[in-house]
Amino acid sequence: MPKFIKNISKTISYPPGTIISVGEEKAQKAKLSIIDYSAEQFEEKNIQDPQVCLSFRDKPTVTWLNIDGINDVETLEAIGKCFDLHPLTLEDIANTGQRPKYEDFGEYLFVVLKMLYYNQNQDDIIAEQVSLIIGTNFVISFQEKEGDVFNMIRERLRSAKGRIRKMGADYLAYALIDAIVDNYFLILEKMGDEIEVMEEELVSNPMPGTLKTIHNLKQDTIFLRKSVWPLREVVNSLERGESKLIKKTTHIFLRDVYDHTIQVIDSIETFRDMVSGMLDIYLSSISNRMNEVMKVLTIIATIFIPLTFIAGIYGMNFNPEASSWNMPELNWRFGYFLSLGAMLAVGLVMILYFKRKKWL
Amino acid sequence: MPKFIKNISKTISYPPGTIISVGEEKAQKAKLSIIDYSAEQFEEKNIQDPQVCLSFRDKPTVTWLNIDGINDVETLEAIGKCFDLHPLTLEDIANTGQRPKYEDFGEYLFVVLKMLYYNQNQDDIIAEQVSLIIGTNFVISFQEKEGDVFNMIRERLRSAKGRIRKMGADYLAYALIDAIVDNYFLILEKMGDEIEVMEEELVSNPMPGTLKTIHNLKQDTIFLRKSVWPLREVVNSLERGESKLIKKTTHIFLRDVYDHTIQVIDSIETFRDMVSGMLDIYLSSISNRMNEVMKVLTIIATIFIPLTFIAGIYGMNFNPEASSWNMPELNWRFGYFLSLGAMLAVGLVMILYFKRKKWL
Amino acid sequence: MPKFIKNISKTISYPPGTIISVGEEKAQKAKLSIIDYSAEQFEEKNIQDPQVCLSFRDKPTVTWLNIDGINDVETLEAIGKCFDLHPLTLEDIANTGQRPKYEDFGEYLFVVLKMLYYNQNQDDIIAEQVSLIIGTNFVISFQEKEGDVFNMIRERLRSAKGRIRKMGADYLAYALIDAIVDNYFLILEKMGDEIEVMEEELVSNPMPGTLKTIHNLKQDTIFLRKSVWPLREVVNSLERGESKLIKKTTHIFLRDVYDHTIQVIDSIETFRDMVSGMLDIYLSSISNRMNEVMKVLTIIATIFIPLTFIAGIYGMNFNPEASSWNMPELNWRFGYFLSLGAMLAVGLVMILYFKRKKWL
Amino acid sequence: MPKFIKNISKTISYPPGTIISVGEEKAQKAKLSIIDYSAEQFEEKNIQDPQVCLSFRDKPTVTWLNIDGINDVETLEAIGKCFDLHPLTLEDIANTGQRPKYEDFGEYLFVVLKMLYYNQNQDDIIAEQVSLIIGTNFVISFQEKEGDVFNMIRERLRSAKGRIRKMGADYLAYALIDAIVDNYFLILEKMGDEIEVMEEELVSNPMPGTLKTIHNLKQDTIFLRKSVWPLREVVNSLERGESKLIKKTTHIFLRDVYDHTIQVIDSIETFRDMVSGMLDIYLSSISNRMNEVMKVLTIIATIFIPLTFIAGIYGMNFNPEASSWNMPELNWRFGYFLSLGAMLAVGLVMILYFKRKKWL
Amino acid sequence: MPKFIKNISKTISYPPGTIISVGEEKAQKAKLSIIDYSAEQFEEKNIQDPQVCLSFRDKPTVTWLNIDGINDVETLEAIGKCFDLHPLTLEDIANTGQRPKYEDFGEYLFVVLKMLYYNQNQDDIIAEQVSLIIGTNFVISFQEKEGDVFNMIRERLRSAKGRIRKMGADYLAYALIDAIVDNYFLILEKMGDEIEVMEEELVSNPMPGTLKTIHNLKQDTIFLRKSVWPLREVVNSLERGESKLIKKTTHIFLRDVYDHTIQVIDSIETFRDMVSGMLDIYLSSISNRMNEVMKVLTIIATIFIPLTFIAGIYGMNFNPEASSWNMPELNWRFGYFLSLGAMLAVGLVMILYFKRKKWL
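Those sequence lines, one after another, are chains Y, L, F, E and V.
With the numbering used here applied, the first sequence corresponds to residues 10 to 369, in that order.
With the numbering used here applied, the second sequence corresponds to residues 10 to 369, in that order.
With the numbering used here applied, the third sequence corresponds to residues 10 to 369, in that order.
With the numbering used here applied, the fourth sequence corresponds to residues 10 to 369, in that order.
With the numbering used here applied, the fifth sequence corresponds to residues 10 to 369, in that order.
Hints may contain errors.
[Unchecked claim] In the DSSO-like style, the derived pairs of lysine-lysine whose C-alpha atoms are separated by at most 30 Å in a straight line are:
(1) V/304 with F/366
(2) Y/366 with L/304
(3) V/304 with E/364
(4) F/304 with F/366
(5) V/304 with V/110
(6) E/364 with V/366
(7) V/40 with V/110
(8) E/366 with V/367
(9) L/304 with E/364
(10) E/256 with E/54
(11) F/110 with F/154
(12) F/175 with L/90
(13) L/366 with Y/304
Hints in this document: simulated from the structure, not taken from any laboratory.
Chain Y on its own, in the form it takes in the complex (with noise of 0.2 Å):
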């Protein structure tokens, strides 16, 4: 639950373009990296001072600034001032609770996407947030913590592979949204592979506890939405937005990521439909077994009642020696043997009954 509604009631009542960061660990110094590149040259360092990001600025090469730490509010409004970020900018940015969108403020585009994560641990998926600002020959990318999906890209940018060192910043802003929908098949796969092992389970054994797991699969997929369909938007926008900083050659390649996203959105769709589709089938095996359960139980009693009554009957007292019409079977040669008798025929015509009307 806490991931669905993370403590936005800190953010409220203080005006606007605020930045407050909502996370729960203390603020911590933002770590910032740099890459800068051009199709002949590259450079990547670490730095302290967001000062330093003025010189990059200018350039003509691409700068990368990636940030990870969004709770330092001082880096964040440092950073702010040297990129004339809009206040409210930076209030998205440190508060996490956004939901996926995409802002064109003419001079920078603003995107905000989730990271998904699969917690080994606990069996459970993590959201981060990754927030892009798009400028002319720059990218920002904040993370809430260190640790991403990028390094590949970085890999690349450091190798010359493929054509993005030849590509502008737009290019780079692709590369990066495309790692983070890329990442959500992962999620996807496991998802997947989960629903296959239950599935086998729900017809060979359903327990309790399968209730249980069927209802965090349906939370997932709630929150896999959540995360997903505005993303498509947002993807869209991207692709179909008039501005001037993504160029005409990038669009094909947005085209392709919002693709990806489409076939996202149709798996989780599907998951849906499947997960509620266990559930039913779930109930109907539960109760299928408790049914199998007491027939089988209630026929052992129905069975044995009748028998109870023959010796009942003949457990009464009546008196043969006031009349030799009183209970004239107990003094009978086979009279016991007889009755035994009874009571077993009685039983094998009841069980033949049940067999015969498939009730066993």
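Guided by the hints, dock chains L, F, E and V onto chain Y, whose structure is given.
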């Protein structure tokens, strides 16, 4: 229920534009307070006579007139005359059954919103209608009762914190709407907490009373949806509207409110999904538990029924003296203990069988 | 059911434009009443001969012709000729199975509405079709039966209250539509009360009959939806329509009616959600109660079955004289009381066990 | 089921435009009848040779060619050549698995509709495909079998009733479509009656067979929806279409058909809601009844089990002679009647308890 | 499950435009076959070296290059170079996890489709990705494996049947798409048959295994929907697209394919409704049957319990010698038979009562 349909019948059958207060309390004198400010100057006072407004109306400074109490027809009419409000506007202000809406009357914009409170005593969400009139250099806000979420804004105005004193009436209106929407997050957090508590309870200890609570949560989400969905349209109309009363610089702030509204709607929809998921889990938990009870009880009965049958057999009165074939066991040396042993054996076999079938 | 599909089959297989009354009552002479007014002048009278209308038609004053009874084909045709109505219009007026609609015939506007009543005797909602013809300076209203919700408007016209006498035919049409829509709120309040009562009853004392009532409420909401949803379009078309017959000043009033319509739809949707929620609660209440019954009964049975088994043991006839190993307890001094005590102990243990498991 | 997917596989794997009849009957010679009329003149005859059409084609009078039987490939091709029909049109006419559609081929309009019948014997709805070709001054109608709903129109043409003889081919096409749509109301009435009967039965006497009937009703609504929903688009396209073949004066009549179509759709949706409501009621009625049975039976068992226990106690064989503590009641004077009295008392107390708890 | 998410994870983390085959089989040499034709001329051959294509590329005749096997990265790249394909196109061709899509690259159109097969052995639907490149006078088709639904078209090309040899590359592309869509009807018929069989079985003899089958049918409809819904958009885009590569005369044929797609979607939606209806019926059938079992068993138990009670009474040991009030019946002449008669009477009364209540 009464919160869904407020004494609307009172207002029908009057000519349109007639002001009828639908509140249940007696009409009380409305309380008027005025705040008049510009970047340099600030004035705040409570007034008695609505006519006083006239003097503020044409000043170039921004004037915020707040009215607490909308049952006071006379005052409403006086204000209406003073600011040239359309009779239908006044009717809508007095009639608290409105859904959030936005209307452009050319000379002024009319916005109806719902302010939501959590009633601590009854654990209930309460809605209060807030109407805003946005003019060239004035904003009028109408509230049902004293007490609101605007104190933060008054404070900012007084202390000239942020940019609010430097902006016009449209920015003030934005600030008021923002305060109302931000307050929704508090409601959402409360509901989120309640849902979280419920989910724990559901799994660990479902009780019949739980159903009532889930039902109440569901009603609350229905109520919230009804209040918030139209709000989206309202804020969107304000942002996209072509009224000259909203300056361009304010649009970006309204877009921010719009984003918040979408976030609120998103969360409500998520809550809805979760609450209906909880109902499913509750129902199957209850039925699981009941089945558990029935099963154990039936098993006990089933074990003893064959045992009782055996006891019944040796309670029969076949006469051993009439024939040595009759119940010879009765005269065996260890007949009694053999029969007890047989019962024990049957009982154990059944228990083992049940265990193996995992019914126990 | 009959209220959903009204003898439509009667009307098919006639050439289009043929007036066929579908009512079940015999065609009666329609009652015509005319109100003619301007700001200064007012005239009201009942007329017999539709031809009289001709004299009013071309007067600059506003004329309101009201017809009660639409089975009178002759009168309909006479009015049609007098006001140049299209044959299809007349067919639609006579055929009460129409859904609310709006048509612009150039010379006049044709509006079909549903007037709703609560039938006190059968606790049922009844719909009556009201058709309006809006011309340059006349309005014609057709009703199925005498008795309507327009008296308030007649009174306002007579007493020249409000602005109605100063406005044109379009404002009169607005007033009539407004009266009909306002009347829906009465229906909604009645339904709201009924739902509230039902909800109380559901929790405190669910009865099999409740199902029938919930079903009826559901049918009522389906019926209301069917009548009100198309109304929205109708009023919207009137407001946005480009017909010159509707003056600009009337648009704002029509927008007000539109808002009311949306409010009505909103409430119906809320009722729908609540009624379907009630069905869930009813079903689980009933099943909870039944389970409660079954549980207690099963517990009683389960307690006594082992006790009866003990009694059965000491009812066995093993012969103590044949062997001192046979049922020595029977000859013990306190054998009887010990056995009774054992039974009591078993019973108590079971009760305690059930209590601890919270099954009792 | 077969009515949903008609032997479509037969038609695939042929080049497009190949005419393949999918009907199950052998191809029979099609029957052609021609009606040629203008306001003054009327001619009607059956023809054998499609070539005869050529003489009618270029006459200024309106020509209605009706073909019964679409398995006759030769005739279809002859007509196609005669009226210059596109091969795909002919393919669609022969392939009865089409959904209702409208296509504008410039020279002519092609409309596919479904004519619905109630099969009296099997209590089933049957669909027959009717294709219309609307040209400048001719209409061609193709039907699967003889027998249709057009007799009323033929009669009107013969007797020159109404305006039909004075209008063009487009009005004739309208009349044919109107006849088909009007016929739907008959189906709706039949279904409405059936639903009404079912609802009565549901409450008074639910039977297992009822489930099958509800299921059939549901299938029928699915089938109707499938046939009627696309019809809406078709009629709308005809009305809004910019084809010169439809005159302006005919538009108002097509709008009338459109209204009827909406009414039909409305009713089908209502039926759907009602049928699914019936399923809910049926299920809970059945389960209520079953619970009722189980309850009464369990109560009987529960009352007798404690009584049997008491009887069991006094059936124990503790030896009164061994000790005067052993079962002294057996020797009491009124021991027997006291025990019977105790049983009676226990039984009555339980009955009273059950009554008070309202379980009886 | 694996069919929903195909090893997508393999493809992520590569630069965009990298061709990665996701199939599980080892990359095999692709098989290339070329058909080159015009109205007068026809040439067909298998080729090894993709370079051969170059000679065909610029000929005015229509060239159809078919590639079986998309794991062969080298061949793909060679073809890509030869026909100037965008790297993203090649990536999409190799990655079989695409959803159907249409992209206009100016010089060529790129279409991805799903070819569906019914796997006879596993009773499962299998999807194979088919990619089409449509250029000015060539069509390239990529398939995962050998064997396709295009043989009919090859035959038509060879024999110059129909108009296909006279038309351009766009018509060929249409023919290929049409063949794929037509093949869907075969799948639909198979599913239709299966559903029909299931429906019969459901009513006559529901079994626990039925649930699994219904679940599989549901999965199949989900899978089909996922494949076919985007197809609709694809064909619509092709038809409405403004690409000059599609000639006007081909539009009408594409509209025909579009109609077929709609028909397929229609049928899938109908199947969905039916399958979910079947689940309802299955569940209530199973529960009906189980209730039937429980009822009969409970009735047997209920009849014998009072009888056993009577037998228990006369098994009590009250001492007739101690008092003549004690169990005098035991010494009556016909006491035994009277008691048996009483039991019979009680049993009969209960059976009659059950019969009258229609529980038996």
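Consistency of the hints with the structure:
1. V/304 with F/366: With a Cα-Cα distance of about 28 Å, the restraint between residue 304 of chain V and residue 366 of chain F holds, given a limit of 30 Å.
2. Y/366 with L/304: Given pair residue 366 of chain Y, residue 304 of chain L holds - Cα atoms ~23 Å apart, limit 30 Å.
3. V/304 with E/364: Distance ~23 Å between residue 304 of chain V and residue 364 of chain E Cα, so the pair holds.
4. F/304 with F/366: Satisfied, since the Cα-Cα distance of roughly 13 Å is no more than 30 Å.
5. V/304 with V/110: Distance of about 57 Å is beyond 30 Å: violated.
6. E/364 with V/366: holds, 20 Å
7. V/40 with V/110: holds, 24 Å
8. E/366 with V/367: holds, 25 Å
9. L/304 with E/364: Holds, at about 26 Å.
10. E/256 with E/54: Since the Cα atoms of residue 256 of chain E and residue 54 of chain E sit roughly 28 Å apart, the hinted pair holds (cutoff 30 Å).
11. F/110 with F/154: This hinted pair holds, its Cα atoms lying about 20 Å apart.
12. F/175 with L/90: holds, 21 Å
13. L/366 with Y/304: holds, 14 Å
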